[in-house]
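Asks: Spelled out from the first residue to the last, the chains are:
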Amino acid sequence: MAKHVVAAAAEVIPGDVKIVTVNGREIGLFNVGGAYFALLNRCPHAGASLCHGQVMGLAMSDDPGTYRIDRPGGMIRCPWHGWEFDIRTGQSWVDPEKIRVPRFAVAREAGGDIVQGPYLAETFPVMVEDDYLVVEM
Amino acid sequence: MSTTTLDRKPESQTRLTVIDCDIHPTLRGGLDNLVPYLETRWHEHLRIYGPLMHQAMAKTLSYPRMQPGLARIDAWPPEGGAPGSSLSFMRRQHLDPNGVEFGMLQPLGPGPMQRNHDFGAAVCRAFNEWQLQEWTGEDNRLRGAVVIIPDDVEAAVAEIERVGANRQLAQIAFPPRTADPPGSKRYWPIYEAAAAYDLPIGMHVSGFNGHTLTGGGWPSFYIEDHFSNVQVMQAVVTSFVLDGVFERFPGLKVVLIEGGLGWIPALTWRLDKHWARMRGEVPQVKRPPSEYIKENIWFTTQPIEEPENPRDLLHLIDWIGWDRLLFSTDYPHWDFDDPKYVFKVRLTEAQKSQLFRGNARAVYSRLG
Numbered sequence: 001m002a003k004h005v006v007a008a009a010a011e012v013i014p015g016d017v018k019i020v021t022v023n024g025r026e027i028g029l030f031n032v033g034g035a036y037f038a039l040l041n042r043c044p045h046a047g048a049s050l051c052h053g054q055v056m057g058l059a060m061s062d063d064p065g066t067y068r069i070d071r072p073g074g075m076i077r078c079p080w081h082g083w084e085f086d087i088r089t090g091q092s093w094v095d096p097e098k099i100r101v102p103r104f105a106v107a108r109e110a111g112g113d114i115v116q117g118p119y120l121a122e123t124f125p126v127m128v129e130d131d132y133l134v135v136e137m
Numbered sequence: 001m002s003t004t005t006l007d008r009k010p011e012s013q014t015r016l017t018v019i020d021c022d023i024h025p026t027l028r029g030g031l032d033n034l035v036p037y038l039e040t041r042w043h044e045h046l047r048i049y050g051p052l053m054h055q056a057m058a059k060t061l062s063y064p065r066m067q068p069g070l071a072r073i074d075a076w077p078p079e080g081g082a083p084g085s086s087l088s089f090m091r092r093q094h095l096d097p098n099g100v101e102f103g104m105l106q107p108l109g110p111g112p113m114q115r116n117h118d119f120g121a122a123v124c125r126a127f128n129e130w131q132l133q134e135w136t137g138e139d140n141r142l143r144g145a146v147v148i149i150p151d152d153v154e155a156a157v158a159e160i161e162r163v164g165a166n167r168q169l170a171q172i173a174f175p176p177r178t179a180d181p182p183g184s185k186r187y188w189p190i191y192e193a194a195a196a197y198d199l200p201i202g203m204h205v206s207g208f209n210g211h212t213l214t215g216g217g218w219p220s221f222y223i224e225d226h227f228s229n230v231q232v233m234q235a236v237v238t239s240f241v242l243d244g245v246f247e248r249f250p251g252l253k254v255v256l257i258e259g260g261l262g263w264i265p266a267l268t269w270r271l272d273k274h275w276a277r278m279r280g281e282v283p284q285v286k287r288p289p290s291e292y293i294k295e296n297i298w299f300t301t302q303p304i305e306e307p308e309n310p311r312d313l314l315h316l317i318d319w320i321g322w323d324r325l326l327f328s329t330d331y332p333h334w335d336f337d338d339p340k341y342v343f344k345v346r347l348t349e350a351q352k353s354q355l356f357r358g359n360a361r362a363v364y365s366r367l368g
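Protein chains in written order, with this note's numbering: chain A, 1 to 137; chain B, 1 to 368.
Mixed in with the good hints, there may be bad ones.
[Said to hold, decoys possible] Below, in silico cross-link-like pairs of lysine to aspartate or glutamate (DMTMM-like), each with a Cα-Cα straight-line distance of 20 Å or less:
| # | chain 1 | residue 1 | chain 2 | residue 2 |
| --- | --- | --- | --- | --- |
| 1 | A | K3 | A | E109 |
| 2 | B | K344 | B | E306 |
| 3 | B | K185 | B | D318 |
| 4 | B | K344 | A | E97 |
| 5 | B | K185 | B | E154 |
| 6 | B | K352 | B | D318 |
| 7 | A | K18 | A | D131 |
| 8 | A | K98 | B | E308 |
| 9 | A | K98 | B | E306 |
| 10 | B | K344 | A | D95 |
| 11 | A | K18 | B | D74 |
| 12 | A | K3 | A | D113 |
| 13 | B | K344 | B | D318 |
| 14 | B | K185 | B | E247 |
| 15 | B | K352 | B | D338 |
[Said to hold, decoys possible] Which bits of chain A does chain B cover? Going by a derived footprint, with three or more residues having C-beta under 8 Å, they are:
| # | stretch |
| --- | --- |
| 16 | 48 to 55 |
| 17 | 76 to 88 |
Simulated from the structure, these hints should not be mistaken for laboratory data. Beta carbons are placed, not taken as given, at the ideal position from N, Cα and C, and that holds for glycine.
Please build the complete structure, drawing on both the sequences and the hints.
Replies: Take a look at the structure:
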C-alpha cells in the first residue's frame with residue numbers, strides 16, 4: 001500500500017464526483033457532508049463507469065403515500081441501469097451483502113505535511129497552504 | 001434478492017464479435033433535422049402545424065422516461081446533439097470496442113404514429129432517406145429498417161416498394177402498438193410485400209394507438225410502462241398466429257425487439273393447450289401455435305432477464321429454442337446490455353456463436 005496525493009480537497013465538493021487515475025485504475029472521489037470517500041469507477045453489475053452517474057439521496061417510503069430521502073447526497077446511481085450504491089460503503093442497495101464496489105481509504109492532509117511526507121505520484125504542484133486528498137492503494 | 005453480477009470472467013474484448021440487432025440512430029436536434037429529406041409541402045406542415053399522435057402530448061412519450069434522452073448518461077456525444085446522433089461517437093463508444101460486425105438500426109421516429117397519415121408517411125420516407133444518407137451509406141456495418149406507417153396500408157406498401165430492393169435496408173420497422181392487433185387482415189398487404197422482398201418484420205417496442213398501455217388501464221409509473229411491453233408482445237404473438245398470418249405467408253419472418261423473453265414458454269404452453277380445445281374457432285390455425293412461433297418468430301435478448309439463479313436462463317433458452325434469440329444492446333438507451341456482461345452464465349462456444357451472430361444471419365438475408 002502506498003499513499004497517493006490525488007486532488008486538492010477544495011476540488012471535491014458535495015453532490016459531485018471527481019474522477020482520478022491511480023496506478024492505472026480510475027477512481028471516483030466524493031464528499032458526503034465533509035467526509036471524503038473513494039470508489040472504483042466500475043459498476044459490478046455490467047461494467048459501466050459507475051462514477052459518471054448521479055449523486056443522489058435514497059428515496060424511501062415507510063408506507064404508501066409517505067416519502068422521505070435517506071442518506072442525502074450519499075448514493076451514486078449508475079449511468080446505465082440505475083443501480084444505487086452507498087458512497088460510504090460501496091454497498092449495492094438491491095443486494096448489500098453480496099454486491100459491493102471496491103472502495104479506498106481517503107485522508108485529508110495539509111499541504112505542509114505532504115511536502116515533507118512519504119507520498120507518491122504527485123502530478124500537480126502541492127501548495128503548503130492548501131489541503132489535499134490522499135488515497136491509499 | 002436478485003444477484004446478477006458475473007459468475008465467470010468477462011468475455012475478452014478483442015475476441016468476441018457480435019451482430020447487434022437493436023441500435024438506435026437519433027436525430028441530432030429533433031424533427032427539424034429531417035427537413036433536407038422532407039418534401040416542401042410536409043416541411044411547411046411540420047413548421048406550421050407540427051406532429052400529432054394518438055395522445056394529448058405531441059412531443060413526449062406516453063410516460064416520461066427514466067433518464068434524459070432515454071439514454072445512458074455517458075452516451076451524450078461530446079460534440080453535442082442527442083445520444084445516438086453522432087456516428088463517430090457511436091463507433092468510438094460502441095461499434096468498435098464491442099466488436100459489432102453488423103448493427104441493425106431501429107430509428108424510433110413519430111412517423112408511424114401520426115394521426116395525419118399523409119404527413120406520417122412523409123416523415124417515414126424522410127427517415128428512410130436519412131438512414132441511407134447519414135448512417136448505412138457512411139458505415140457498411142450498419143443496416144437500416146424500412147420505416148412505414150402501418151395504419152395507412154397503401155402508403156406502407158408503396159414505401160416498401162420504393163426502397164425495399166435497397167440492400168442497405170434489412171427489415172421493415174413495424175411498431176407493435178397499431179390501431180388493430182397486427183394479425184388483422186387489414187395489414188396483410190404489408191406482409192405480402194415484406195415476404196416478396198424477403199424483409200423481416202421488425203417489431204420494436206413503441207407506438208401509440210390511443211389504447212391503454214396495459215390490459216388493466218393506464219399505469220401510474222414508468223416501471224409499469226416498461227413492463228407493459230411484455231403484454232404487448234404477447235398480444236402480437238397471439239394475433240399473428242391465431243389470425244393465420246403464417247398460414248398465408250409461411251416464409252414471413254417476425255422479429256420482436258426489446259419485449260423480453262421469460263414469458264415466451266408460458267404463452268406457448270397456454271396457447272397450445274387452448275388450441276387443443278378451441279381449435280374449431282380458428283380453423284385457419286392448422287398446427288399447434290408453438291410450431292408457428294418456433295418457425296416464424298425471433299426475439300432479441302435485451303433487456304435480458306436476470307434470474308436469481310443465473311443458470312435458470314439456460315433452462316429458459318432451452319424452452320424457447322437456442323435458434324430463436326438474437327443478441328441486441330439497445331445502444332444508446334439506458335437499459336443497454338453489454339455483450340461482455342449480458343449472459344451471467346457460461347455459454348458454450350456453439351451457443352455463443354448462435355446467439356451473438358448465427359441466428360441473426362439466418363433471419364436477415366442482407367448481411368454481407
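Asks: Please go over all the hints and tell whether each is borne out by the structure.
Replies: Status of each hint after checking the structure:
In summary, the hint linking K3(A) to E109(A) is supported, as the alpha carbons are separated by about 11 Å, within the 20 Å threshold. Our distance criterion of 20 Å between C-alpha atoms is met by K344(B) and E306(B), whose separation comes to about 8 Å. At roughly 33 Å between alpha-carbon atoms, K185(B) and D318(B) are farther apart than 20 Å, so this suggested pair is violated. Annotation: proposed proximity of K344(B) to E97(A) holds, straight-line Cα distance about 19 Å (limit 20 Å).
A threshold of 20 Å between alpha carbons decides the hint, and for K185(B) with E154(B) the separation of about 13 Å falls inside it, so the pair holds. For a cut-off of 20 Å, the pair hint linking K352(B) to D318(B) stands: about 14 Å separates their Cα positions. For the hint pairing K18(A) with D131(A), the CA-to-CA distance comes to about 16 Å; that is within 20 Å, so the pair holds. The suggested pairing of K98(A) with E308(B) holds, with an alpha-carbon distance near 12 Å, which does not exceed 20 Å.
Between the alpha carbons of K98(A) and E306(B) the distance comes to roughly 15 Å, so the proposed pair stays at or under 20 Å and holds. At roughly 16 Å between alpha-carbon atoms, K344(B) and D95(A) fall within 20 Å of each other, so this suggested pair holds. Our distance criterion of 20 Å between C-alpha atoms is met by K18(A) and D74(B), whose separation comes to about 15 Å. A hinted pair counts as satisfied when its Cα atoms are at most 20 Å apart, and K3(A) with D113(A) qualifies at roughly 13 Å.
Between the alpha carbons of K344(B) and D318(B) the distance comes to roughly 16 Å, so the proposed pair stays at or under 20 Å and holds. Simply put, K185(B) and E247(B) have alpha-carbon atoms about 13 Å apart, close enough for the 20 Å limit, and the pair holds. About 14 Å separates the Cα atoms of K352(B) and D338(B), which keeps this hinted pair within 20 Å; it holds. Here the stretch 48 to 55 of chain A counts 5 residues with a CB under 8 Å from a CB of chain B, which clears the bar of 3, and the coverage holds.
Coverage of the stretch 76 to 88 of chain A by chain B holds. Counting CB-CB distances below 8 Å, 4 residues qualify, and the rule asks for three or more.
Hint violations for this structure: number 3 only, all remaining hints satisfied.
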